[in-house]
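Construct all of the structure, not just a fragment, from the sequences and the given hints.
What follows is the residue order along each chain.
There are 2 protein chains.
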Amino acid sequence: MLRKIAVSGCGNVGTALLELLCEKRAELKEKYGFEFEVTLISDLFKGTVADKNGLDLNAAINSLHTTNSLTGLNKDVRGEFGELLDSAEVNMLCEATPTNVETGEPALSHIKAALSKGIDVSTTVKGPLSLAYDELVALAKQNGAQLQFEGVVMSGTPFITMLNHGLAGCRILKIEGIINGTTNFILSKMYSGASYEEAFNTARELGYTETDPSGDIDAWDPAVKVVILTKMLYGKEISVSDVDRTGIANVTFEDMERAKEDGCTIKLIAGIENNHGDIKAYVAPKKIPMTHPLASINGAINAATVYTDNLGTTTIIGPGAGRRATGQAMLLDLLTMAGKK
Amino acid sequence: MLRKIAVSGCGNVGTALLELLCEKRAELKEKYGFEFEVTLISDLFKGTVADKNGLDLNAAINSLHTTNSLTGLNKDVRGEFGELLDSAEVNMLCEATPTNVETGEPALSHIKAALSKGIDVSTTVKGPLSLAYDELVALAKQNGAQLQFEGVVMSGTPFITMLNHGLAGCRILKIEGIINGTTNFILSKMYSGASYEEAFNTARELGYTETDPSGDIDAWDPAVKVVILTKMLYGKEISVSDVDRTGIANVTFEDMERAKEDGCTIKLIAGIENNHGDIKAYVAPKKIPMTHPLASINGAINAATVYTDNLGTTTIIGPGAGRRATGQAMLLDLLTMAGKK
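The listed protein sequences derive, respectively, from chains A and B. The numbering of the first sequence is the working numbering, which starts it at 404 and goes up by one. The numbering of the second sequence is the working numbering, which starts it at 404 and goes up by one.
Hints may be right or wrong, so weigh each one.
Any copy will do: because identical chains look the same in the list, a pair fits if it lies in one copy or spans two.
27 Å max Cα-Cα, derived DSSO-like pairs, lysine-lysine [what the hints assert, rightly or not]:
1) Lys434 to Lys639
2) Lys743 to Lys432
3) Lys743 to Lys427
4) Lys407 to Lys663
5) Lys683 to Lys434
6) Lys683 to Lys427
7) Lys639 to Lys577
8) Lys427 to Lys478
9) Lys432 to Lys407
10) Lys634 to Lys743
11) Lys434 to Lys634
12) Lys432 to Lys639
13) Lys577 to Lys432
14) Lys577 to Lys427
15) Lys520 to Lys449
16) Lys407 to Lys743
17) Lys478 to Lys663
18) Lys434 to Lys743
19) Lys743 to Lys520
20) Lys743 to Lys544
Treat the hints as calculated values from the structure; they're not laboratory data. Here the structure is a predicted model, which means the values were calculated and not measured.
Right, dumping it as structure tokens:
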């Protein structure tokens, strides 16, 4: 079965996905029987192009790299998103537009449009999932569509696949994770002796911080991820304001020194605890012993430890960001969805 | 669809699986739609019992715990294994008899009998896979059966599921793992200052070593696991004698002291490297820097780091042994196979 894919959003992640699809076309067919065309590429600023018989991926990638737009393809189309999905005969949408955690838009409308047409969706965008998880899951079910989102936590590190598939049969009792790379980079620098200001400035110089750093520093980013995981695991009604959230701005050099004297370090831990159905979600700087599986996770790396009834403790470590790593998350979603139909 | 399960081998793992199935019957139905009866339980020493309508699991577990036999059920049967599978109407076999890495028996014959009848097989037994991987995979394919073996490496820690599913779309370039708990326990003790003899004796006192400790110390156990992983990942013809294998018996207190002075530790690393199709498989004590993801894996814990083209480095850490953890591996296999049919 030939899949017709739409890529919505051509920032780093969408472009990396196009590159992976282009580079791996033969490998994906041979290894997974996955055959595809990309029939729609849409970006608010770079243009929208479509061809129901398949766009030239090399040309699209080249146009994005050289002109930062899609106009070089001469395949421009206009129209409402749902109509574009129809005319490009799309059956898999990869949604990678910028995250807006307050409205979820434009990704939320795109995902709804696709699911309501029975189109499978992979998304790396957190907003729609934290705001409308239940609605989207119901919409998918109602229309026989699938919704996958490996990339929303830990980029392509297959943490969500591990929770949903690798640990099937277990009860998830507790999760503790380092799921924000920027703050982990800063705390790692502080453990090595830097002050908060020095560490923050280094992170900024290396491009790890956003224009508005509060999403990381005040722990909004990991809190939104915790909301999505809590909904996914326990179906609980929860919003980001329900997460007990403390950022790292008040962690001092002295706090870290005292932790070190006690054989500990300080990490920004995102956690979910399920005490017989009583579910607690939090993000906070925590003093953890150096023997803790997360203590040695340094720099921009992410990691999560899962406590289960059958298996005790399992930890997964990997990249938490990066264009190709997040493109890989979408590629995995596509293969997962294709394998289930 | 009601699954009829056979459990072959009632040692620690088989019994733990029976306990998990008994304890989680309602949960498995509700969460995964997995409904089953265990219709055959077979053990060379403890007896063989069958009922095509389903055995009483509580009674079986109780009989095993109190009398170390299955005779308490009054459901004894006799016959050739294949005939027993037929008369008990089995469609999923869980094979957990003791490993014989030289002949693969009796597990090899059991697995062949099941696959040739189109019965899905989960096994935790390494021998048949290291000796007859290609034959078993072909037999499964030919008869529309599935063959899963999450438990052969890292017990229920879902490393094999991560390789096959979580990293789909990636090329696996290299694996480095600590996949033998006994030797890792000994080397961890030596890092803490013990001599080889002291560390070995502690491992023996804690019951971590086998009667014949050479399977661990001389690295036969991880070498067999490397063979299975190499076959699974690359389809390569390889036997345990092709693995470049060095055990830990010659690692001295002085070696470890020198490693520590260099900011390193010594770990027994099982590795597979794929250099553009040239595949190297080895197990050897290696000096690795303390910043390496495997350096902080201490005690009987297992871990593996996977290097891929799309994702860089991903590491998974978890139990490498244990009755319930290995029972969980078989439970995962059952759910995986049920989800694919």
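Going down the list of hints, with the structure as the test:
In this assembly of identical chains, the alpha carbons of Lys434 and Lys639 lie at most 27 Å apart only when taken from different copies (16 Å versus 38 Å within one copy). In this homomeric assembly, Lys743 and Lys432 come within 27 Å of each other (Cα to Cα) both inside a single copy, at 16 Å, and across copies, at 20 Å. Within a single copy, Lys743 and Lys427 get their C-alpha atoms as close as 21 Å, and across copies as close as 25 Å, so both meet the 27 Å cut-off. Taking CA atoms no more than 27 Å apart as the test, Lys407 paired with Lys663 passes in neither setting, with 54 Å inside one copy and 55 Å between copies.
For the identical chains of this complex, Lys683 and Lys434 are inter-copy neighbours only, at 22 Å across copies versus 42 Å inside a copy, given an alpha-carbon limit of 27 Å. Within a single copy, Lys683 and Lys427 get their C-alpha atoms only as close as 42 Å, which misses the 27 Å cut-off; across copies the closest is 24 Å, which meets it. Taking CA atoms no more than 27 Å apart as the test, Lys639 paired with Lys577 passes inside one copy only; the shortest distance there is 15 Å, against 40 Å between copies. Proximity of Lys427 to Lys478 under the C-alpha cut-off of 27 Å is restricted to the intra-copy arrangement: shortest distance 23 Å within a copy versus 55 Å between copies.
In this assembly of identical chains, the alpha carbons of Lys432 and Lys407 lie at most 27 Å apart only when taken from the same copy (14 Å versus 35 Å across copies). In this homomeric assembly, Lys634 and Lys743 come within 27 Å of each other (Cα to Cα) both inside a single copy, at 22 Å, and across copies, at 25 Å. When the C-alpha separation of Lys434 and Lys634 is checked against a cutoff of 27 Å, the pair qualifies only between copies, where the shortest distance is 15 Å, while the shortest distance within a copy is 33 Å. In this assembly of identical chains, Lys432 and Lys639 lie within 27 Å of each other by CA distance solely across copies; the values are 21 Å between and 39 Å within a copy.
Within a single copy, Lys577 and Lys432 get their C-alpha atoms only as close as 38 Å, which misses the 27 Å cut-off; across copies the closest is 23 Å, which meets it. With identical chains, the CA atoms of Lys577 and Lys427 are at most 27 Å apart between copies only, with a shortest distance of 19 Å across copies and 37 Å within one. Taking CA atoms no more than 27 Å apart as the test, Lys520 paired with Lys449 passes inside one copy only; the shortest distance there is 26 Å, against 57 Å between copies. In this homomeric assembly, Lys407 and Lys743 come within 27 Å of each other (Cα to Cα) both inside a single copy, at 16 Å, and across copies, at 24 Å.
With identical chains, the CA atoms of Lys478 and Lys663 are never at most 27 Å apart, being 59 Å at best within one copy and 61 Å at best between copies. For a Cα distance limit of 27 Å, the shortest separation of Lys434 from Lys743 qualifies both inside one copy, at 16 Å, and across copies, at 18 Å. For the homomeric pair Lys743 and Lys520, the shortest alpha-carbon distances inside one copy (18 Å) and between copies (25 Å) are both at most 27 Å. Taking the shortest Cα distances, Lys743 and Lys544 sit within 27 Å of each other both inside one copy (14 Å) and across copies (19 Å).
Hints 4, 17, counting from the list given before, are not met by this structure.
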